[in-house]
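K.L.:
This is what each chain is made of:
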Amino acid sequence: VTVLAQLCASLYDSRIGTGIRESDNLYSIIETVHVLAITLVVGTISLVDLRLLGLVLKQAPVSEVLGSLVRVTWAGFALMLATGLLLFWAQATQLSRNPMFQLKLLLLALAGLNALFFHRCMRRTVWDGTTRAPRAAQISALISLAVWSAVVALGRAIAYF
Amino acid sequence: VARWTQEGFMADQKSTAALISVVILSAAPALAHHSFSAEFDGNKPVRLIGTITRIEWTNPHSYFYLDVKDSHGRVTNWGCETGNPGALSRRGWKRGDIKIGDTLIADGYLAKDGSHLIDARRVTLPDGRNVYGGSPGDGGPQ
Chain B
7 VTVLAQLCAS LYDSRIGTGI RESDNLYSII ETVHVLAITL VVGTISLVDL
57 RLLGLVLKQA PVSEVLGSLV RVTWAGFALM LATGLLLFWA QATQLSRNPM
107 FQLKLLLLAL AGLNALFFHR CMRRTVWDGT TRAPRAAQIS ALISLAVWSA
157 VVALGRAIAY F
Chain D
289 VARWTQEGFM ADQKSTAALI SVVILSAAPA LAHHSFSAEF DGNKPVRLIG
339 TITRIEWTNP HSYFYLDVKD SHGRVTNWGC ETGNPGALSR RGWKRGDIKI
389 GDTLIADGYL AKDGSHLIDA RRVTLPDGRN VYGGSPGDGG PQ
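Keeping their order, the protein sequence lines are chains B and D. Just so you know, the numbering used here puts the end of the first sequence at 167, numbered straight through with nothing missing. Just so you know, the numbering used here puts the end of the second sequence at 430, numbered straight through with nothing missing.
Extracted from the complex, chain D is given alone in its bound form (with noise of 0.2 Å):
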């Protein structure tokens, strides 16, 4: 068993702790593909009114935002997250159907970290229609 040895597998694991070490870690969110527990507590049911100023159309999940104005007349920016684009397409709700400026009614849960972001269950469209935004099998609440 020539030079199949401990020597070899010692040198080896010297060069994988080396390499360990140079990991370095972000604080920066990042959002992907997640159940919806895992983000946003059921029991913190929330409705938000104000108007988009961004729209992303994208997977895994779809996100807009609002500036919705408070009772002060303060004016705070939620980001509100829905599914993927196929999901909403197939429930009528396409790509063209938000547009920023338009006014829309979120109806949906508050994120568990305390950010200014919601689980958009259900939203009212410019055009009136209601469409429920959940990401499909996410175990949220319908």
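Same shape as in the complex, but just chain B (with noise of 0.2 Å):
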């Protein structure tokens, strides 16, 4: 827990943290691209969890639907990365020890792990098809909805604590 309070002081104190915690319109401009990042990211995962909860696109199979979004969902996942981590790197002292912020990493983790799971299973299914998904992915996806939802409130509620 010290290298890792020593790590982010010196993420803190270092040229590019100040000066992007420093800065006139930089640090809102990050700020900006990480929001529009998580739309990105968020709105193509939830569009999957609602076809695999059968509410939307229902004519589309899962792969399909799944396949021509998934590029979206990397490309604003790789954006939310780096811009997150640059606004990490400005404030990594204090946000290293907001509540909420060590919730939100955790959730991020936990919301990995359920694609992670999900994607595996899909791997072995057979099923793709426009009846009702499997009880799993069902469940999967309704996980995905709550913990992303979970996240981006966890992301304003840093902020408040």
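Hint data in this document are derived by calculation from the structure and do not stem from the laboratory. Beta carbons: idealized from backbone N, C-alpha and C, even for Gly. No incorrect hints appear here.
Counterexamples of contact, computed for chain B against chain D with all Cβ distances above 12 Å:
1) L17
2) T45
3) G49
4) E70
5) L75
6) V158
What the simulated footprint calls covered on chain D by chain B, stretch by stretch (three residues with Cβ under 8 Å from a Cβ of chain B suffice, anywhere in the stretch; the number is not a length):
7) 321-333
8) 373-380
Derived SDA-like pairs (lysine to any residue); straight-line CA-CA distance at most 25 Å:
9) D/K332 <-> B/Y166
10) B/K64 <-> B/W133
11) D/K382 <-> B/G25
12) D/K382 <-> B/T24
Starting from two chains that each stand alone, build the complex the way the hints lay out.
P.N.:
This is the structure:
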């Protein structure tokens, strides 16, 4: 934990961290791109989740919905990660101590595990049709919607703790 | 639907529970962008006159710290929160306008939690200029 705290302190004190933190406009530009990237990630993932729950795009096979959206998801994720790292760089010390930020990281990991679990199961299943998705897939979709909603809410909550 | 079983999900949920139990909640305060009413009381105006001991020209809020002497001669260090560097710059308050040791007048509102922190809505700079210090659109008094 001390090593982590020292790492955060040196990130905070670094030229790049300080530059972003003390900038007139750069910080808010990075924040804006971060939010836009989140809309790509959460938006496309939500569409897949809603498809699994049988609420949207019912006529399209899941693999088709997934296939056409997953590249946008990954592009958004790369942008989200990059801008998130820059924002962390500027505020490393405070953020690492913020309970909402810690919980947000944990839920991001959980969202990743859920997606990993879903995709591993997906590869092994024969189901792809327009009938009801298997129960496990629907539960995974519900978890995904809930966890990503919580990640967004916690991101905003960081400012209030 | 091979392998797509409830058991698989139970295992997943267990690892999740294990992960959640790892969270360590820290009591240390962190400062990030928030509205006026999240931290300050609009019914408790205050004027501080003191010398600057520290300056944080930072996003998403800037801070400066004042040593303020009360009527009994006791000195207390107060934190004064203001808007971000970009917003302050647009109002003519530039980075180098205040220095450690300068005397400032800060009119603002006390923190709700009773700590030695105010939201500095009006700041009288060393050169006599009076600048609005609040965060843009934070819902606080002008």
